[in-house]
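2 protein chains.
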Amino acid sequence: MNPEFLLPAPIRIDQPFDGRRRVIIDRISPEIDGGRFPAKCIEGEAVTVEADIFTDGADTIEAELLFRRRGDKEWSSVPMAALVNDLWTGSFRVGAPGIYEYTVQAWVDHFLTWQKGLKKKIDAGQDIGIDLKIGATIVELGAARARGEDAGTLHHHVGLLTVGDRESAVEAALGEELAAAMLRCPDKSIASMYEKVLLLQVDQRKAGFSTWYEFFPRSWGGEPGRHGTFRECMAKLPRIAQMGFDVVYLPPIHPIGLTKRKGRNNSLVAMPDDPGSCWAIGGPDGGHTSVHPELGSMADFEAFVQEAESRGISVALDIAFQCSPDHPWVLEHPQWFRWRPDGTVQFAENPPKRYEDILPIDFETKDWQNLWSELRGVFLFWVGKGVKIFRVDNPHTKAFPFWEWAIGTIRQMHPDTVFLAEAFTRPKLMARLAKAGYNQSYTYFTWRNSKQELQQYLSELTGTELVDFMRPNFWPNTPDILHEELQTGSRAKFIIRQVLAATLSSNYGMYGPAYELCEHVPVAPGKEEYIDSEKYEIKRWDLDRPGNIRAEITAVNRIRRENPALQQTRNITFVRIDAGANREHDQLMAYVKRSADGGNVILTVVNLDHRNTQGGWLRFPLELFGLPHTQAFTVEELLTGQSFHWNGEWNFVELNPNVMPAHIFRVILPS
Amino acid sequence: MNPEFLLPAPIRIDQPFDGRRRVIIDRISPEIDGGRFPAKCIEGEAVTVEADIFTDGADTIEAELLFRRRGDKEWSSVPMAALVNDLWTGSFRVGAPGIYEYTVQAWVDHFLTWQKGLKKKIDAGQDIGIDLKIGATIVELGAARARGEDAGTLHHHVGLLTVGDRESAVEAALGEELAAAMLRCPDKSIASMYEKVLLLQVDQRKAGFSTWYEFFPRSWGGEPGRHGTFRECMAKLPRIAQMGFDVVYLPPIHPIGLTKRKGRNNSLVAMPDDPGSCWAIGGPDGGHTSVHPELGSMADFEAFVQEAESRGISVALDIAFQCSPDHPWVLEHPQWFRWRPDGTVQFAENPPKRYEDILPIDFETKDWQNLWSELRGVFLFWVGKGVKIFRVDNPHTKAFPFWEWAIGTIRQMHPDTVFLAEAFTRPKLMARLAKAGYNQSYTYFTWRNSKQELQQYLSELTGTELVDFMRPNFWPNTPDILHEELQTGSRAKFIIRQVLAATLSSNYGMYGPAYELCEHVPVAPGKEEYIDSEKYEIKRWDLDRPGNIRAEITAVNRIRRENPALQQTRNITFVRIDAGANREHDQLMAYVKRSADGGNVILTVVNLDHRNTQGGWLRFPLELFGLPHTQAFTVEELLTGQSFHWNGEWNFVELNPNVMPAHIFRVILPS
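Protein chains in written order, with my numbering: chain B, 3 to 673; chain R, 3 to 673.
Just so you know, the hints here were simulated from the structure itself, not pulled from any lab data.
Any given hint could be a false lead.
Same chains, same label: a pair holds when it works inside one copy or across any pair of copies.
Said to hold, decoys possible - Below, computed lysine-lysine pairings styled on BS3-like, alpha-carbon distance capped at 25 angstroms:
(1) K541 / K121
(2) K123 / K135
(3) K541 / K262
(4) K135 / K355
(5) K75 / K387
Could you put the whole structure together from the sequences, leaning on the hints where they help?
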């Protein structure tokens, strides 16, 4: 077995067993599945680690959090502090993307134990003659460990404890100088270490805060009906950047198959000029590492990527591991597909549905090692062209171990790559993809519309263990999903769903042109597919069409960029809004987010009712900020620029959806 | 390092890595701290294991639970069944005490996947010509794996699928015979195994269901003031057995030190005839492996143990790892104690409190290996004398790693030993002792008195992960704890607390003589110590004194013995009792327990108010038994023998504490 194909196992600490290691370090958090998977964070972030730490008896203990970049030999350390009920906490700041390791070390501190007992005996008026001598022995041992000036200080204190009068001995024993010097030379010779080293995956900034714009390059040609090119798309980048997006996501850009090509509106028969679905990948012009000729050359693509980067925009590619029957792999690697008894290749099906323009890859092929290498090679190829972000199509229909291996090894080489899992499937599969390495995940946001649904879903994403490894990316629409709520075509509803996505989740995106223009007609009643879907045809968008919500999108994106509180997801607290006395409002929803440094506080209020003006009493949770219920403070409405003075926690808010269905307030609190 | 002194590490499955193993087995329950500690169960029990199991795509999977006794090479297996949301379950029955191992294996079943697709295609009226041929190939591979008659059956079906007419082919494809034969030869060649082997500690029956009676043998002499003997105690065993106790627990039976011996009521000065605290262990007559001469000889003790066993009673010894200054270890192993600068040995202290009659053992001694061996030897010595149950005194003041090693290795030799942790300390320390191997744990029950406190505490013990490794043992009193609630001396209150202990927890015990007699005077107001505590003097109990609750204790113990529902703790469900419309009664508490086989259902109702009659409407949860709210059924009051017919879920109950403050009903439901 090629060792390259092994998956990681939890790392055990290799500490010699010594029965005198009396401190117990019992449950570290975060720790995903017993250390089998890394927790995730963002470069530059402070990471908080908690653990249950205690020892037998009444001895005083000390603990420290150890951390290092994988590959480093030496640990860095920060002291941990006791919170309550034997729970300890510590935090450290991570650097550039990559894998970090962390664990906890703790020990009995005989000096502090002695000092604590001494104080109690003095308070009780007991004789402390022997205790001072015991202390002198402890300090003497400290002096032997101490470095620099501390050694002298400690030797001096040995004298004070033993030869001085009682008063000066007590003063020395309980004084700051002795404690500080002893703190610098703890006796860790029989310290306990947590039994495992835990892993932390540090991701680049856009894994945690990103604003995605999806579009089909083929629709961005100069004249109606003509296939667009990368060169033409480059001209659109300034507009996208101006709107505040920092990721442009392109559906597959590869050659498209001809066999069983789908026509407009998913018809089984394509007209000669139908471009086909770009997810039917591969043809005579190549497969997953080629560019569809009508989009331009590879050089054009690279120029597009560079132009985007120069504007602060990353290009995200859609990687869909499936093939049209014309894909080169079908001839070159027939063993990667299933073949039927009649000699034909097995197309994708989910009986009774058939997808004859697409072949699934057989992950049970005996040739799986070559298959895995080739698939991983697709990502590495595009990384070589400057792409760092990948949106992976239906990862839950490919073998999970492949993802863990592929993403893990790619990120060893390129720690700043980001993988978004496009899996709209059962909860445990979505969680597993995140654990296996995906940096971002599509979510059920699209189908969570009521206040209760949204609050419950956010609690699940931010209040369970998911928060440590699964990063949501909220999409109000995609080319596949035009939710029923949007099918009314209500402009207010489009704004509502965009504000929600953009302020609930730090990562969000939209299928841009259709969303800007409030496109809302489904292919048939009860369906979530768009009519005349761009998936099967070249469209031409008039992006300046009246009724568009470009200005609103732009404003919200600007507010996100300017306010660090909106650049995280886990920092959310829902806020009470009442319709009447003690009756929660069911259409007005509000939530507050606070930046990690506490300096930026954003309160978002959304009217979920796109038809009617709604008003209610909002209780701002002043207690979260250590302020009294009656505190006066200022809120600045960031969409309008207006400021309001609020007196105390309860304030009336009202939102007319036909003006603007949301408030985004910056809350300015006295410090 | 002597490998004997290592602690266990989770066992990883040693399965060759194969990328084609597509099924994910994600989180097994029970799994304690990532497999670091065993879950616990009782011999003969059926153990239920759950896991998240799924694969990519839409393939059908199968899973099985693997289990074996540690040391066996071959796994036994039982099929698992899917519950909901990718959660699977399976269960197996364990045998005699010892360590079991378990894990999960799962695989894609291509036959079932094919059959499911075929059905859908037939329903949709699609052509299935090729599908039948694909199925024939799958069945042919099955025939090659099959044994005995199945091979023939499967070959025959290959023919039916390929050469018969469509109708008979379909009939064969979807028929029972084919499915049954294929089920017996699954293709597990690329099955996935869970990455770890998990451990299960199987305990003897009394670890799960036991009724403890604690008494000081020295008080059971024939004449007032004379030290009792084991021989005299033997005569009391029939009475204890008749009351329904099956464990007698003796405080330390070892020689008692003279130096700094405590007098009556914990006085610092002992009178010449004061017997001293039996927890000040060791003197010229020996230490932890000797018997206090006044109790009799070692042979007398062994006779006592045998006599008890013959009556179904186990003798539990109190093992307290601390020494009087006269203990032989102080001279033989001075390195196991702390010595002070003045050459004296360090006595126990928790400043400003001092316990000069007791020396703590220094678990940081460099000689810890010999210390550990000697301490473990104490248990092994008494096991050699017929003792299997140990109540360990203050285990949380001795090094935790010692317990894990000592209990783990003792139970390898003697799997039927039971250790009860006498730790009344912080929650995480108590949990750790249980994880480290203790079979039973003292609890906070004594300090949980209100309905809300009791319900919340039981939820914590039975509704969190504690349920898998920590077994509560409820004590309404101990020689150290006379709770304020009992200090009123109310006979009803003593009965209430005994019924609660005996019916909430399958393991319970009492400091017998004092409890039978409703002893209730504390040493001082606000203290929980008994006045004239038996810890420091020889008492003489008149157990037939009027006002005793012997009959009530006996009745409740009989009911426990006769009703398997009361022989478990985790099977509790609290039941609603209303004082008025929609107002929960705050003094009446009720709960239902159901035996593992479902055949025995016990409903306990307790009036927590020991002064006043209380009545209320009880809602029996018929829905738990799949019965309609209007079901009529019979309940038999087991304390009185009366039967009642209840019509539907809501029934009125009333309890006069001066008659009997509790009902214990056997619920007879239609099956």
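Within, between, both or neither: how does the pair K135, K355 come out at a Cα-Cα threshold of 25 angstroms?
between (85 angstroms within a copy, 20 angstroms between copies)
I want to check one pair: K541 and K121. Are their C-alpha atoms no more than 25 angstroms apart within a copy, between two copies, both, or neither?
Cα proximity of K541 and K121: none, with 81 angstroms in one copy and 40 angstroms across.
Cα distance capped at 25 angstroms. Does K123 pair with K135 within a copy, between copies, both, or neither?
Intra 14 angstroms, inter 89 angstroms, cutoff 25 angstroms: intra-copy only.
At most 25 angstroms between C-alpha atoms: does K541 with K262 qualify within a copy, between copies, both, or neither?
within (22 angstroms within a copy, 97 angstroms between copies)
Up to 25 angstroms between alpha-carbons, please classify K75 paired with K387: within, between, both or neither.
Classified as neither; 34 angstroms inside a copy, 53 angstroms across copies.
Hint check: violations occur at hints 1, 5; the rest are consistent with the structure.
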